[in-house]
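Asker: Just so we're aligned: the sequence shown equals residues -21 to -1, 1 to 201 in mature numbering (1 follows the signal peptide of the UniProt record, and there is no 0).
Please keep in mind that the hints were generated in silico from the structure rather than gathered at the bench.
Backbone N, C-alpha and C define an ideal beta-carbon position, used for all residues, glycine too.
Do not rely on the hints blindly, as some may be mistaken.
[Claimed, not checked] The following label-pair restraints were derived from C-beta to C-beta distances:
1. 132 / 29: 31 to 41 angstroms
2. 30 / 118: 43 to 53 angstroms
3. 50 / 6: 35 to 45 angstroms
4. 35 / 147: 35 to 45 angstroms
5. 82 / 8: 41 to 51 angstroms
6. 124 / 81: 17 to 27 angstroms
7. 25 / 143: 14 to 24 angstroms
8. 159 / 49: 15 to 25 angstroms
9. 82 / 29: 45 to 55 angstroms
10. 30 / 124: 35 to 45 angstroms
11. 13 / 47: 37 to 47 angstroms
12. 130 / 100: 15 to 25 angstroms
13. 130 / 62: 19 to 29 angstroms
[Said to hold, decoys possible] Below, computed lysine-lysine pairings styled on PhoX-like, alpha-carbon distance capped at 25 angstroms:
14. 27 / 41
15. 118 / 159
16. 121 / 41
17. 114 / 159
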Amino acid sequence: MMKFTLFFCIFLCPCITICLADSDNLQDTCPTATTGKQTVFINGFPCKNPNSIVASDFKSSKLSNPGDTDNFFRSSLTLDMAADFPGLNTLGLSIARTDLEVDGLNMPHSHPRASEIFFVSTGEVFAGFFDTQSKLFSKTLKPGEVFLVPQGLLHFFINTGDEAAVIFSVLNSQNPGVVKIADAPFEPDDEEMVDKLVRKIKSAAALEVKASGIQNVTPTDF
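Assemble the whole structure, with the sequences as input and the hints as a guide.
Answerer: Below is the structure:
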């Protein structure tokens, strides 16, 4: 019985690893087939006919224009995924652009299926994320600098400069998902609670500017 159990465990471990890993591509390219009504639902999108694949499948101009920042948070997020950018299909990638006006804020949120790396193109941005022990890791970023957020962790960023900021980011999933804490605990018209949350985050940003880091700040403080 012990020998059987040991054999079973040895056999099972590689199988679990294989199941958890992303599958390798079976072809060079697999742009999303966007024509016609989808009748087969799979984990991803069907591929185009190889004979109809063209160079434009691997180009996107979606992030070339600023987003609409005329809103309460003075921010805009434009996400480009495999559904809109066919060439991303099966590659495990998506890209995004965030526009922040002065004092603009991207509210705390997480991506359950992806890590994210930010590149600050213009402006000055205060970025931070919380780990599962409620510890905050934060930095003020200037143009050309990058910041990494591990998969599934709550994160945010705010424009702390005196000009509009633009951030480009890459996520290691073609469908990273977004969980926004502002949408979860508050009603859409609960502006008082949302405004309080915004003030708390801006206060944390101001403290970080004065010091090299922030210690002992938890999500419950927000």
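Asker: With reference to the structure, classify each hint as holding or not holding.
Answerer: Hint-by-hint comparison with the structure:
At roughly 39 angstroms, the beta carbons of residue 132 and residue 29 sit within the given window of 31 to 41 angstroms. A beta carbon spacing of about 48 angstroms between residue 30 and residue 118 agrees with the range 43 to 53 angstroms that was offered as a hint. About 42 angstroms separates the C-beta atoms of residue 50 and residue 6, a value consistent with the hinted range of 35 to 45 angstroms. At about 21 angstroms, the beta-carbon gap between residue 35 and residue 147 misses the expected band of 35 to 45 angstroms.
Distance hint check: the CB atoms of residue 82 and residue 8 are about 43 angstroms apart, consistent with the given range 41 to 51 angstroms. Residue 124 and residue 81 have their C-beta atoms about 19 angstroms apart, which keeps the hinted 17 to 27 angstroms range intact. Between residue 25 and residue 143 the Cβ separation comes to about 39 angstroms, which falls outside the hinted range of 14 to 24 angstroms. Checked against the hint of 15 to 25 angstroms, the pair residue 159 and residue 49 passes, with Cβ atoms roughly 19 angstroms apart.
Evaluation of the 45 to 55 angstroms hint for residue 82 and residue 29 yields a pass: the beta carbon distance comes to about 49 angstroms. About 44 angstroms separates the C-beta atoms of residue 30 and residue 124, a value consistent with the hinted range of 35 to 45 angstroms. A beta carbon spacing of about 25 angstroms between residue 13 and residue 47 contradicts the range 37 to 47 angstroms that was offered as a hint. Between residue 130 and residue 100 the C-beta distance comes to about 24 angstroms, which sits within the given range of 15 to 25 angstroms.
Taking the beta carbon of each, residue 130 and residue 62 are about 21 angstroms apart, inside 19 to 29 angstroms as hinted. In summary, the hint linking residue 27 to residue 41 is supported, as the alpha carbons are separated by about 21 angstroms, within the 25 angstroms threshold. For the hint linking residue 118 to residue 159, the alpha-carbon distance of about 21 angstroms falls within 25 angstroms, and the restraint holds. Under the criterion of a C-alpha separation no larger than 25 angstroms, the hint pairing residue 121 with residue 41 is consistent with the structure, at around 24 angstroms.
This hinted pair checks out: residue 114 and residue 159 have alpha carbons roughly 19 angstroms apart, not beyond 25 angstroms.
Hints 4, 7 and 11, counting from the list given before, are not met by this structure.
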